[in-house]
Each structure stands twice: as C-alpha cells, then as structure tokens.
Amino acid sequence: MSRRVCLLGVVLIASTAIAVAQELTLPLAQGSVRLLVIGDSGTGDTVQNEVARQMANFRAKFPFDFAIMLGDNMYGSERPQDYVRKFEAPYKPLLDAKVEFYATLGNHDDPNQRFYKAFNLGGERYRTFRKGNARFFALDSNYMDPDQVRWLEKELQASGSDWKIAYFHHPLYTAATRGPTVELRAVLEPLFLKYGVNVVFTGHEHLYERVKPQKGIQYFVAGGSAKLRPGDLQKSAQTEVGYDRDRSFMLVEIAGDALHFQTISRTGATVDKGVIQRQTPR
Amino acid sequence: MSVVVATTMPIFAQTPAKPATPPSTPASQPATAPNQTAATLAEFTARINEYMAMHRKLANETGKINDTKKPAEITLREEALGKLIQTNRAEAKQGDLFTPAVQTLFKAIIKQEYARRTAAMRKDRKQDQDELADFTPIVNQTYPPQKPLVTFPAGLLRALPKLPRELEYRLVQRNLILRDIEANIIVDFIPAATP
Numbered sequence: 001m002s003r004r005v006c007l008l009g010v011v012l013i014a015s016t017a018i019a020v021a022q023e024l025t026l027p028l029a030q031g032s033v034r035l036l037v038i039g040d041s042g043t044g045d046t047v048q049n050e051v052a053r054q055m056a057n058f059r060a061k062f063p064f065d066f067a068i069m070l071g072d073n074m075y076g077s078e079r080p081q082d083y084v085r086k087f088e089a090p091y092k093p094l095l096d097a098k099v100e101f102y103a104t105l106g107n108h109d110d111p112n113q114r115f116y117k118a119f120n121l122g123g124e125r126y127r128t129f130r131k132g133n134a135r136f137f138a139l140d141s142n143y144m145d146p147d148q149v150r151w152l153e154k155e156l157q158a159s160g161s162d163w164k165i166a167y168f169h170h171p172l173y174t175a176a177t178r179g180p181t182v183e184l185r186a187v188l189e190p191l192f193l194k195y196g197v198n199v200v201f202t203g204h205e206h207l208y209e210r211v212k213p214q215k216g217i218q219y220f221v222a223g224g225s226a227k228l229r230p231g232d233l234q235k236s237a238q239t240e241v242g243y244d245r246d247r248s249f250m251l252v253e254i255a256g257d258a259l260h261f262q263t264i265s266r267t268g269a270t271v272d273k274g275v276i277q278r279q280t281p282r
Numbered sequence: 001m002s003v004v005v006a007t008t009m010p011i012f013a014q015t016p017a018k019p020a021t022p023p024s025t026p027a028s029q030p031a032t033a034p035n036q037t038a039a040t041l042a043e044f045t046a047r048i049n050e051y052m053a054m055h056r057k058l059a060n061e062t063g064k065i066n067d068t069k070k071p072a073e074i075t076l077r078e079e080a081l082g083k084l085i086q087t088n089r090a091e092a093k094q095g096d097l098f099t100p101a102v103q104t105l106f107k108a109i110i111k112q113e114y115a116r117r118t119a120a121m122r123k124d125r126k127q128d129q130d131e132l133a134d135f136t137p138i139v140n141q142t143y144p145p146q147k148p149l150v151t152f153p154a155g156l157l158r159a160l161p162k163l164p165r166e167l168e169y170r171l172v173q174r175n176l177i178l179r180d181i182e183a184n185i186i187v188d189f190i191p192a193a194t195p
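First to last, the protein sequences are chains Z and C.
Going letter by letter, the first sequence gives residues 1 to 282 in the working numbering.
Going letter by letter, the second sequence gives residues 1 to 195 in the working numbering.
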C-alpha cells in the first residue's frame, strides 16, 4: 500500500496571467469538493475585513462549503472580543452561510484555541477529516512531538482517500526571506512521500507562493490573508509563482483527479490559477 | 539540501516508541553515568507528577474545558486556572522542577542534539527567536499573549523526556521553558539551555 501511494505524483498545468478582477476561473464541476484557503488572517484590522469581503463576493460565484486556516488565526491578545474582531465579525457572511472553518495553530495562536468550536479542532492540536474524495491532515507544526508524528503516520497509512492534503503553519519550502523550516521538513517529508501526500498548504510567510513540485508534492504558501510582507519573496529556482504586493486567499476545487486552484488578491484580481492533475497509481 | 537533512536526522518512525506515562526516558542521552541519569530523570518525573497533582486539583475547581462556541469560556477558564496556580505557587522559584541536576542533564541532551544540526537548521532557530528579543521569562509568570510561541525543534522533542499533555517545552532565546498550556503559565525554565 505504501509503495503504491509513494508513486503518486502531480502534474501541474497552470497559468500565471493576471485575470480580470472578480472573474472566476474554477470549473464548478458537479459534486466537486470546494474550499477556501486562508492563512495568517487574524489581525482584526481593516485589511482583514476587506479581504474577507472579497471572499464573500467570490463565494456568491463559487459556493465553497468549508475553509482551511493555515495558522496565526489571532494575532496579539485573545480576549473574547478578539475572537469576534479577528474571526467572527470579518467572516460573518461565511459563518452565516454555514461555511465550516478547519483551523491549524500558528506560532501566534494560543493552543487553547483548540477548544473553540468554530475552529473544528475538537480539543486537539491536530486532526484529520474527510471531504469527498480528499482527506485533510491539519497538523500542529509548532510542536511536532513524537506522538503527533506517530499519529500522522497511522492516519496516512489508514487513509484510503484519493487525495491526501496536509496543511499547517510553517512552510517546508519557500523563497521568502526567512526561508523554510528545514527541520520540520526532515520529519514530515519522508512521511508525505511514503504515503503519497499530494498537496501541502502552509502559511507563516506573509505572501502567496506556489513552489515548483518537490519530489512530486505540490506546495503552496498562503500566509497573506491579512498580514503582508511586501517584496519579501526572493524568487528562487524552486519558485513557480509568487505574489507579495497585496493580501490574498485561495479557492480550491477538487473534481476527480484534478485539483483546480485560483488565488485572488484583496482587490479581486486573480494572481495565480491552475490545475494539479493527480497521477494514476502505477 | 533536504536530502542531507533527511539523512542526518532519523525520522521518528525509526526511533523506539516511548512509554505512555510521562515523562519518559529520553530517546538520546548524553554520556553520563546511567545510574546518575536514571536518578535525575526519576527526580524530574517526581517533580512533574507533583506539579500535575496540583494542576489537576485546581483544574477541577475551574471546571473541565470542552469544545465551546463561547470564546469567553476558553479565556476565562485559562485565566482562572492561571491565577489559582500562581497563588498556589507564590513561592515558586527557578529550579524547582528543573533542579540543578536536571539542568545539567538537559543542557547536555540539548548540546548533543544541537551538534547534529545542519547550518540551515541552526538558521531556523535563530530567525524564530527574533520576535522574542525583549522577553525575559520569570517563573510563575503568564506567558505574554502578545508574544509568539516559537516552534519547538522536533529533534529536541524526541530527545527530551515526554511531558503530560497539559505541559510543553518552549524556547525563549536560549532559555528552555516549561509551560502549562491550559493555564498559560511559565512553570520553570533553564537559563542558557541552548548552546
């Protein structure tokens, strides 16, 4: 089984052209899995609200059912009013529409956020859940202890889903100034390869980046949904596309063996789009 | 670069499983006398257990926390538990759990683990600490909510004794902190723990 998934890979067909503002490029295939991807979002400032409004605008055209959060869900204090200002108020239109949020913990998050029902962590620091033909693995990259690694391996091994998607805060690959978390990569990448993880979403770096597939795995950094480090991307040979001029978020649609993505800026412009084709196991 | 890292750091799946009862024996220990190391770890275990007995007693007073839609329940419970612990440990001082012998042992473990690090891994740690430049830990202090919790090195988690799920290790600059997660309290710390 592990050999089978080890041979999985991705083929990427993408376009980097900036599309016309507000244009949806996703196929809206019947029965597809549709989600929103946000990272480093919890500032509670005007910009977070502007980006959130754009998410709501796009949901009118692309009715996603759930969102994954890549950590740093709340910066600074975490008083009850902060939960409102940094999460519940900006995303009220989405919450009202019954969009479910599945959070991970960033380095700015109090681990006690795991008890907040709207973050769907179920009191744990890491979890897995299934949506359609995809299984998601929400990891706590702040504290990758042996228990979590053993849990991850067990869950990956048991997963029968077509798509295996991991998400967490710290990037294993990035061309942002601070660089990747190489120690975490040493722990996680062997498991991802062994058990056929297809796509990895991370945050932490306050920008958008699509890394060229590494050993067959597609990595995205999407940590610019409220915070931004303008001009922080030091584009490298590993970088496929980067965007560090404004905030952004991602829309993802999984339809069969294709994962379509569209990355949208605060103003509604499409800054990246494409499709990842999951290769049939050999 | 990643290949080099992967070959110098064994993956967790290759390490022996640890016992469930915390804290467990470290996966790697420095070259000290086995009896001395065992005695030091037993002492650490006893002090952790003693702390946890107090924590659980006080946690019962504040009530168990479950999944909640109300953020106030999370923050008020954390603060209430934190205050109870601070009051109960009003006389707590650095070294209560990390005794001198434990500090010596842990520093040796950390030094050994850090010696295996690649240059890229060392850079990871240095950059992570940039946001904690002006933070000096104090025993029984609330971990400042405005400060990030810097990611803890996975290799070190494999080497240090396992903790109960209510506690965690953290690094603040060169200090190794023992943090009560549910109460957000710095239980103890080892100054200059990292090389």
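Since the hints were made in silico from the structure, they are not lab data.
Please note that a few of the clues may not be correct.
Stated by the list, open to error - Computed, partial: chain C to chain Z, Cβ under 10 Å:
1) Asp67
2) Ala72
3) Lys107
Unchecked claim - With a Cα cut of at most 27 Å, we get these calculated DSS-like pairs of lysine-lysine:
4) Lys235(Z) - Lys123(C)
5) Lys117(Z) - Lys70(C)
6) Lys117(Z) - Lys69(C)
7) Lys92(Z) - Lys69(C)
8) Lys69(C) - Lys98(Z)
9) Lys131(Z) - Lys194(Z)
10) Lys117(Z) - Lys57(C)
11) Lys117(Z) - Lys147(C)
12) Lys212(Z) - Lys123(C)
13) Lys154(Z) - Lys98(Z)
14) Lys107(C) - Lys83(C)
15) Lys107(C) - Lys70(C)
16) Lys61(Z) - Lys98(Z)
17) Lys92(Z) - Lys154(Z)
18) Lys98(Z) - Lys57(C)
19) Lys70(C) - Lys92(Z)
20) Lys123(C) - Lys117(Z)
21) Lys215(Z) - Lys123(C)
22) Lys194(Z) - Lys212(Z)
23) Lys69(C) - Lys147(C)
Predicted model only: the values in this text are computed from it and were never measured.
Ideal Cβ placement from N, Cα and C applies to all residues, glycine included.
Going through the hints against the structure:
1. Here the hint on Asp67(C) is kept, as its CB sits about 5 Å from the closest CB of chain Z, short of 10 Å.
2. Because the closest C-beta pair between Ala72(C) and chain Z is about 4 Å apart, less than 10 Å, the hint holds.
3. Nearest Cβ of chain Z to the Cβ of Lys107(C): about 20 Å, over the 10 Å cut. The hint is violated.
4. The hinted pair formed by Lys235(Z) and Lys123(C) meets the criterion: a straight-line CA distance of about 19 Å does not exceed 27 Å.
5. For the hint pairing Lys117(Z) with Lys70(C), the CA-to-CA distance comes to about 8 Å; that is within 27 Å, so the pair holds.
6. A distance of roughly 5 Å separates the Cα atoms of Lys117(Z) and Lys69(C); the hinted pair therefore holds under the 27 Å criterion.
7. Annotation: proposed proximity of Lys92(Z) to Lys69(C) holds, straight-line Cα distance about 14 Å (limit 27 Å).
8. Under the criterion of a C-alpha separation no larger than 27 Å, the hint pairing Lys69(C) with Lys98(Z) is consistent with the structure, at around 14 Å.
9. The straight-line distance between the Cα atoms of Lys131(Z) and Lys194(Z) is roughly 22 Å, inside the 27 Å bound, and the hint therefore holds.
10. Our distance criterion of 27 Å between C-alpha atoms is met by Lys117(Z) and Lys57(C), whose separation comes to about 26 Å.
11. Between the alpha carbons of Lys117(Z) and Lys147(C) the distance comes to roughly 24 Å, so the proposed pair stays at or under 27 Å and holds.
12. Straight-line distance between C-alpha atoms of Lys212(Z) and Lys123(C) comes to about 23 Å, which keeps the hinted pair within the 27 Å bound.
13. Annotation: proposed proximity of Lys154(Z) to Lys98(Z) is violated, straight-line Cα distance about 31 Å (limit 27 Å).
14. For the proposed pair Lys107(C) and Lys83(C), the alpha carbon gap of about 30 Å is over 27 Å, so the pair is violated.
15. Taking the CA atoms of Lys107(C) and Lys70(C), the gap is about 41 Å. The hint is violated against a cut of 27 Å.
16. For the given pair, Lys61(Z) sits about 16 Å from Lys98(Z) by alpha-carbon distance, which is consistent with the 27 Å threshold.
17. For the proposed pair Lys92(Z) and Lys154(Z), the alpha carbon gap of about 36 Å is over 27 Å, so the pair is violated.
18. A threshold of 27 Å between alpha carbons decides the hint, and for Lys98(Z) with Lys57(C) the separation of about 39 Å lies outside it, so the pair is violated.
19. For the given pair, Lys70(C) sits about 15 Å from Lys92(Z) by alpha-carbon distance, which is consistent with the 27 Å threshold.
20. Taking the CA atoms of Lys123(C) and Lys117(Z), the gap is near 36 Å; set against the 27 Å cutoff, the hint is violated.
21. Straight-line distance between C-alpha atoms of Lys215(Z) and Lys123(C) comes to about 24 Å, which keeps the hinted pair within the 27 Å bound.
22. Annotation: proposed proximity of Lys194(Z) to Lys212(Z) holds, straight-line Cα distance about 19 Å (limit 27 Å).
23. For the hint linking Lys69(C) to Lys147(C), the alpha-carbon distance of about 25 Å falls within 27 Å, and the restraint holds.
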